[in-house]
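Got chain B; can you put chain U on it based on the hints?
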Amino acid sequence: MEILDEGEGELLAWYDPDEHRKWIAKKPRDLIDKRMTIKEAVSKFVHDGDYIAMGGFGHIRVSMATIYEIIRQKKRNLTMAGKTAVHDSDILIAAGCVSKIEVAYAFGHELRGLSPASRRVVETGKCKVVSEWSNAAFQWRFLAAAMGLPFIPTRVLLGTDTFKKSSAKVVKDPFSGKPICLVPACFPDVVFMHVHRCDIYGNAQIDGIIVEDFELARAAKRLIITTEEIIDHEKIREEPWKTVIPYFLVDAVVEVPFGAHPCNMPYLYYFDEEHIGEWLRLSKTEEGVQEYLDKYVYGVETFEEYLELVGGIKKLNYLRRLEKLREKLYAPWIGGSLNE
Amino acid sequence: MSEVKYSTIELMACVAARILEDRKSVFVGTGLPMIAAMLAQRTHAPNLLIVFEAGGIGPQIPVLPISVGDSRTFYRAVAASSMHDVMMLAQAGWIDYGFLGAAQIDMYGNINTTVIGPWEKPKVRLPGSGGANDVGSLCNRTIILMRQDARRFVERVNYITTPGYLTGPGAREKAGLPEGSGPYRVITQLGVYGFDEETKRMKLLSVHPGVTIDDIKVNSQFEILIPEEISTTEPPTKEELKILHEIDPTGIVLRK
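If you're matching them up, the sequences are chains B and U in order.
Residue 94 in numbering that gives the first Met the number 0 sits at position 95 of the first sequence, with consecutive numbering throughout.
Residue 243 in numbering that gives the first Met the number 0 sits at position 244 of the second sequence, with consecutive numbering throughout.
Chain B on its own, in the form it takes in the complex (with noise of 0.2 Å):
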């Protein structure tokens, strides 16, 4: 195939695919009971330098017990897939836990406009971008890397300086002829994905969209999954065709109820705009970032102490309410700038 243009961003977790095909090699195939803390996951998974990308999206389904722990490790150097990265990248990068990020969408709260923290380590240099990618660029990266194949080929990024700063390719299609966009695969170190249920094995179900979480578990080197709750195996079993990951793909079994919190968990519990809005706030100065971390992360021992603290069962309530609809949506941030 001939090249027509390659993109100037750095080339990261990319494998050959016989390479990770060594390592799928020696990843057990039994049922083991994989349970363990979120202390005991971060510590045993998660190494200083490491690749890594959460599950769900935005403020969507995010494993956020995972984003404290690292942080209160005190994990450095990591590098983020900023896909759609919104409250976890902002914090981690805030906490200075990572150094490198590619970026699809980073640095922004969607409809609750820019991120004074990780725009300032950004803008300062202290995190460097290392690529630029689109949503569906990325997770087309991790459908490649799921399907073990070096690369699959797109119609996005063409013509643009988005392709420019990715490490994408363009070709000639040996079909059409025409240019078509081939983006590598990507294989993170480590994932974190937050589920609604699953058993002691790592059989995980999601209720609602899945996002790119299906390609994402079956692209990740290590997969450690925090859910709402633990069901019995049996369960599973019962409805198979709810299973998005099955147990072979995961590595690790965290419960966490409330683990997406002050994220969005469907059907369960919405955003906690409260909190959501004090982070902010607070993280317009470095001094409030350290005043944060110091509440909520390394204040506290156990996420169950995070969540008395952030208000308790009666917030909690509050935002289970709310996402049956029953409640009036409360955020400090309505009438502030729209920047998107």
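Certain hints may be false.
[Claimed, not checked] Distance windows between CB atoms, simulated:
#, chain 1, residue 1, chain 2, residue 2, range
1, U, 245, B, 20, 49 to 59 Å
2, U, 150, B, 127, 34 to 44 Å
3, U, 178, B, 289, 46 to 56 Å
4, B, 283, U, 59, 29 to 39 Å
5, U, 249, B, 289, 25 to 35 Å
[Stated by the list, open to error] Below are the EDC-like pairs computed for lysine to aspartate or glutamate, each with C-alpha atoms no more than 20 Å apart in a straight line:
#, chain 1, residue 1, chain 2, residue 2
6, B, 177, U, 172
7, U, 122, B, 1
8, U, 173, B, 5
9, B, 327, U, 245
10, U, 173, B, 1
11, U, 120, B, 1
12, B, 99, U, 119
13, B, 171, U, 178
Worth flagging that the hints you see were computed from the coordinates, not collected in a lab.
This structure is a prediction, so every number in the text was calculated from the model and none was measured.
Where a beta carbon is used, it is the ideal one built from N, C-alpha and C, also for glycine.
Frame of chain B; chain U shown alone:
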């Protein structure tokens, strides 16, 4: 006839809604596009198929979603699917309209939402493409909603995040983008623009009430094509305003 009072943002929402046709599909982003699509559904386009990039397909949106992935985007939907699903549908040609925002735009409708200043040393780092490059590449017609001033309507964008007509006629197809796709309308606080068939350059279609041609020109670095006949944008009706505020009762978007 009694004067109906309205804000610029309400006017922009109404203009965007009116462009959307019944029995067509639209890719919707956060904020104003969501309001516009919901307004269209509740007025002239009840069969408008709304699709969200995170996987929501054909929802009956109960209240204004905050995120393009939040649970309201697949409330009573026909499918709660995945990004791969909706993006491949868009790539195959299923999505008729798509909305985009922009920090900067040029005369060919190329859009920057990535960076102000040099990419290596940004003056302001913006969120990047998100789904914008996908929408701008894959939807048949894109509608751009943005504020207009001479810093945003620029001769050259700092960075092309999302393709418009690139360097002019034929450039999209030459780059490998789907045939016949591209920017369709630009809606700002001053007027509504389309793109000239032949040159693919931005041209004025209508000015909002109270706006002069001079306002249009002063607020753009590049020359906007001005046809001889220019209409005035129809202001929002009372009915449209009523529905808008039912959609966004707390003013999440409308009060901005």
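Hints versus structure:
1. Against the hinted window of 49 to 59 Å, the Cβ-Cβ separation of residue 245 of chain U and residue 20 of chain B comes to about 55 Å, which satisfies the hint.
2. Separated by about 27 Å at the C-beta atoms, residue 150 of chain U and residue 127 of chain B break the suggested range of 34 to 44 Å.
3. The supplied range of 46 to 56 Å is met by residue 178 of chain U and residue 289 of chain B, whose beta-carbon atoms lie about 54 Å from each other.
4. Distance hint for residue 283 of chain B and residue 59 of chain U: a CB-CB separation of about 38 Å, consistent with the stated range 29 to 39 Å.
5. Here the CB-CB span from residue 249 of chain U to residue 289 of chain B is close to 32 Å, well matched to the stated 25 to 35 Å.
6. This hinted pair checks out: residue 177 of chain B and residue 172 of chain U have alpha carbons roughly 9 Å apart, not beyond 20 Å.
7. Between the alpha carbons of residue 122 of chain U and residue 1 of chain B the distance comes to roughly 37 Å, so the proposed pair goes past 20 Å and is violated.
8. Only pairs whose Cα atoms come within 20 Å are accepted, and residue 173 of chain U paired with residue 5 of chain B is accepted, the gap being roughly 16 Å.
9. Between residue 327 of chain B and residue 245 of chain U, the direct Cα distance comes to roughly 14 Å. Compliance with the 20 Å bound is thereby established for this hinted pair.
10. Restraint check: the Cα-Cα separation between residue 173 of chain U and residue 1 of chain B comes to about 15 Å, which is no more than 20 Å; the hinted pair holds.
11. Pair hint residue 120 of chain U plus residue 1 of chain B does not hold up; C-alpha atoms about 33 Å apart against a cutoff of 20 Å.
12. Between residue 99 of chain B and residue 119 of chain U, the direct Cα distance comes to roughly 13 Å. Compliance with the 20 Å bound is thereby established for this hinted pair.
13. A C-alpha spacing of about 16 Å is found between residue 171 of chain B and residue 178 of chain U, which places the hinted pair at or below 20 Å, so the restraint holds.
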